[in-house]
Amino acid sequence: MSLTVALSKGKLLAGSEALFRKAGLPFPGKEGRRLVVALDGLRFLFVKDMDVPTYVEHGVADVGVAGRDVLLESDCDVYQPLDLGFGRCRLVVARQKGSGADLSRASTLRVATKYPRVTAAHFLEQGVSVEVVKLAGSVEIAPGLGLADCIVDVVETGRTLEENGLEAVAEVASSSARLIVNRASYHARRGEVSGLLEALRKAAP
Amino acid sequence: MSGATHGLVQVPPGVQCFVGDEARRRRVIEERVISVFEGWDYQEIIPPLYDYADVFAGGDLAPKTYSFVGRDGSLLALRPDFTSLLAKIAAGRLSGRPAPIRLYYSGEVLRYEPPQAGRQSELFQMGLEHLGGASRAADAEVLAVAAECLETLGASGWVLALGHVGVFNGLLEGSGIEGSRLATLRERVEGKDPAGVREVLAQGGASAQVREAVVRLTGLAGDVSVLGEADRAFAFSASARGAVAELYEVVEALRGAGLADRLVLDLGEVRGLDYYTGLVFRVYAPGLGFEVGGGGRYDALLARFGRPMPAVGFMLGLDRVALLLERQGAAVPEAPAPEVVGGGGLGAALLRARERRAAGARVRFGDGEGA
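Residue numbers (our numbering), protein chains in the order written: chain A, 1 to 205; chain B, 1001 to 1371.
Same shape as in the complex, but just chain B (with noise of 0.2 Å):
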C-alpha cells in the first residue's frame, strides 16, 4: 500500500468525491444558504485559495494548515479558513469602503488532519462576516440570519446555543490561573465537567467565591433564566456580569424576533476562546451529534491587519447540513427525468433536442439505442 506500489484509482485519505445526486443536493443546499445571504444584503467574496502562511498564523488552526514555499521563496498555505483572509481584504483591498461591511463566501478550505483520525482534510464552508457594525445589532442580526438558513433549508429541531467568552473570563480575571493550567480548566468547563474544574481548582490560586463559580458555569445552560441565575451568582464579578448583560440584549431582541424556541444558553461554551471576544454560538440539532455551524464576535483581528474593528461571523458545513438533512429526512427536490431526444438523421434530431433545450425541459440526447 505504500510508494509507487498503490493503484492509480486509491484515494488519499481525507479528501472525497461527489456524484450525480449526491454533488446535486449538495449544490441545492449551498443555493439555498446563498439566497439567504443574499437576502440580507450579503456581498459575496470569491478569495484566493492561497496566501502568505503568515495571514493564517497565531490561531488554532495554525498547526493543521498546508503550508508549502513559493518559487520566491515565500512561505505560501492553503486557506484553512475564510474569516482571517476575508479580514485581511477588508483592511487592505476593500480599505477604502465605508463599515459596515457584510461579505459572504462559500467554497472549501483544506486543514491537516492525521490520517488516523479518519476525518476529511477538504471541508466546505458557508458563512459570512459582519465587519464594522453596531455590536449588538449586528450580533441580533446574524443570528436571524443563521436562523433563517436553517428553516430555509428545512431542518427541524434545530437551536441556536449562546454563549460568551466575557463570563468565563471575567470570572478568572486576576485569579492568578494562567498558561497551560487556564487551557486545562477551560477545557474542563467546555467538557461541563465540574468535577475535572474542582480537581483543577484545588492546585491552589483561586479563591472560593471563583471556585465555586466557574464549577457552576459547567451547569449554565437552557432556557433564558440560565441568564438571570448567572447575574446573581457571578455578583462579584462586573466583567462577568457586564457578558451576561450583553448576552440579555441580544437574546431579549431575538425573542422579540419570534426565535424564542430556537435560543438556548450555554454559558460553558468556551472554545476558541483566543479568537473570539463577545457572543460565541453553536447550531445543533437532533440527528447530528456535532454542531451544524457556529460562530461568534471576533473584535480583536481586523487591527491585525491594521483596520480595528469590530467584527462577528458564522460559519455552515456543507458535510454536516448535508448530513443532517439526509438525517431527518428532510426532502431536497430530485432532478426531473429526462426525455430522450434521437433519430430521424442526426441534423434533425439535434435540432429537435435544441427546440426541447428552448422549451426548458431535460433532454437526453441520443439515437434511441443505448441511449
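Just chain A, with the same shape it has in the complex (with noise of 0.2 Å):
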C-alpha cells in the first residue's frame, strides 16, 4: 500500500511541486484535471486547500502540505512536523485606509472573513465582541461596502489590501507550508512516513 498525499490545488500548488522535486520525490505533471494521481509508489489527491487538513485527519491521506492559517483555522487534529518554509504570509486585521475609526470603540465589531473560527478567537481573546461574517472570498471589499469594519485576511505583499483602500493594523498569526501527516500513519506506518519526512527536511530551506 503507498502513502498517500494530499496537497492544495491553490496557491501552495507550485511550492509543493518544486520542493517534491528537489527533494527526488514523484510528483505528478501538468495534465489533465484528474484528482487521485498514482505515480511511483505515491497516491496524491489534489483537493482544495482547507480540505487538505480533514483528509489528512482522517486517514484518507497519510500526510499533506497546508498552509498554517488554514490549520489554525480547520483546527484538525493532525501532527505537523515540519515547516517547508513557502508559502509565507501574514494572517492580519485590516481596515479601510485613513477611516480613523477607533475599532475598539465599537460595542460589537463586525468582522468579515474567511477564516471565522480564528477570527471570533482573536477577538474574544482581547475581550472584543464580535459578529464575525463569513465570505468565500474577496474579502477585500467588505469595508467599502458597509458589511464589515474590518476583515481578517491572508496577505503577502499587502499590495491587494492597498488596491482596495485597506490597511492592515494588527496580526493575527503569521503562517507558512507545512507537512501535516495523519497520528496514526505516523506511528503504524512509521517507516514510510519518516523516509518521506526526511526527503522534504533535506529539501526544505
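Think of the hints as simulated: they come from the structure by calculation, not from any bench.
Everything hinted at is true.
Restraint-style ranges between C-beta atoms, simulated for each label pair: (1) A/Thr108 - B/Ala1137: 53 to 61 Å; (2) B/Asp1072 - A/Gly10: 55 to 63 Å; (3) B/Gly1204 - A/Ala204: 25 to 33 Å; (4) A/Gly10 - B/Ser1035: 44 to 52 Å; (5) B/Ala1257 - A/Lys134: 47 to 55 Å; (6) B/Arg1327 - A/Gly29: 29 to 37 Å; (7) A/Lys134 - B/Pro1012: 20 to 28 Å; (8) A/Glu125 - B/Glu1022: 40 to 48 Å; (9) A/Leu124 - B/Glu1326: 37 to 45 Å; (10) A/Gly10 - B/Ala1137: 47 to 55 Å.
Glycine included, every Cβ here is placed at the ideal spot set by N, Cα and C.
Using the hints, build the complex out of the two chains.
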C-alpha cells in the first residue's frame, strides 16, 4: 500500500511541486484534471486548500501540505512536524485606510473573513465582542461596502489590501506551508512516513 | 426542519441505530473483547447510566456532559465516561474489597457534541481499570491485555504508542511557564509542531536548555532507541529522566513478553495531562486515521473519592474497532442461513420447529408462503 499525499490545488501547489522535485520525490505533471493520481509509489489527491487537513485527519491521506492559516482555522487533529518554508504570509486585521475610526469603540465589531474560527478566537481573547461575517472570497471589498467594520485575511505583499484601500492594523498569526501527517500513519506506518519526512526535511530551506 | 414540523422519522444529530448484520458484528466484537477481559480475571461492572454531576466534574469532559436536574433538585449527569464512575464505586460500594481490584465495563457513554461537528454523541466503550496494584506490573498487564484484544479481534498492523506525561511535566517543572501559555505549549507538543513550540517559547520564560528539550520532544517518537536518546537529551531534569526510566521498565517487560514489534514510543503524547499521571498509550492501526483506543495511569483520581490508590486503565471504542475491521477486511463470521420450518398443521409445525431448535438449528418459522 503506497502513501497518499493530499495537496492543495491552490496557491501552495507550485511550492509543493518545487519541493517534492528538489527532494527527488515523484510529482504528477500538469496533464489533465485528474484529482487522484498514482505515481511511482505515491498516490496524490488534489483538493481545496481548506480540505487538506480534513483528508489527513481522517486518514484518507497519510500526509499533506497545508498552510498554517488553514490549519489554525480547521482545528484538525494532525501532526505538523515540518515547516516547509514556502507560502509565507500573515493573517492580519485590516480596515479602510484613513478611516480613523477607533475599532475598539464599537460595542460589537463586525468582521468579514474566510477564517471565522480564528477571527472569533482572536477578538474574544482580547475582550472584544465580535460578529463574524463569513465570506468565501473577495473579502477586501467588505469594509468599503459597509458589510463589515474590518476584515481578517491573509496578506503576502500587501498589494491587494493597498489596491482596495485597506491597511493592516494588527497581526493575528504568521503562516507558511507545513507538512502534516495523520496520527495513525505516523505511528503505524512509521518507516514509509519517516522516509518521506526526511527527504522533505533535507530539501526544505 | 425546525420545531414541531419535522417528521416523526427524523433522526436527531449524534445518534445511530444498528440493524441486523451490523448489530451482530458489533456484538461479536464486544464478546471477543469481553472474553479477553474475563480471561485476565477482570470482573464485569454494570454501573448506572447517570449519577450526581459532581462525580464527573473537573475533567476534560465536563463541558461535554449532559446534565439535568433531578426531582429532588440535585444536579445529575449522564455518564460521559466510565472511569470516574468506577473510581467512585471502588472507593464507596467496594471500599471493603482489598486492592488490587480489576474491573471491566462495556456500554454507552453520552457526550454533548455540537451539531455541526457531525460527531456521535453516543459512544460505545469497552474498557478496564486496574485499581490499587503495583504500578509497573499493572502497567505491563494492562498493555498485555490491550495487545491480546487486538490479536483476538484479528486486526493487523496495530501498534501501541507509549508515552509518559512525566517527561513533559518534568521538563517544564520550575520553568515559570504556566496557565494558558502552558496549555498552548502542550497543544503544540501534541501536534508535533516544532515551529509552533519555538513560537511559544520565544516569548521568554524558559531557559535555552528547556527550550531545546521541548522542541526535541516533538520528534521523540519511534522505536525503543528513542528512550536512550531522551535519557541523554534530558540529563538536566531528574524527573523527566525518572519518567523515561519508568517507561523503559515497562517496555522491557513487554519486549520480554514477545510484543517488541507492537511497541512504538511517543514521548510527545501529552493529551489528557490533567488526568493522567504516568504511562499513557494509544492504539493505532493502518486503515483508521485516529486511535482505536488508549489509556494510561491516573494515580490521583481515586483520592478525589476518598480512597487514594494508584490506578491504570484502558478503553477501546466499539465504533472504531468495527470501522477498522471493516476497512482491513477482517472477517466476522456471518449468521448461518435459517432452516424454514412450517406447514402441515400449526401445532405439528411448531413441534418440529422446537425440535430443530433443541438440535441447535437457526429456524425461520412459517407456513412456507411469504415466510
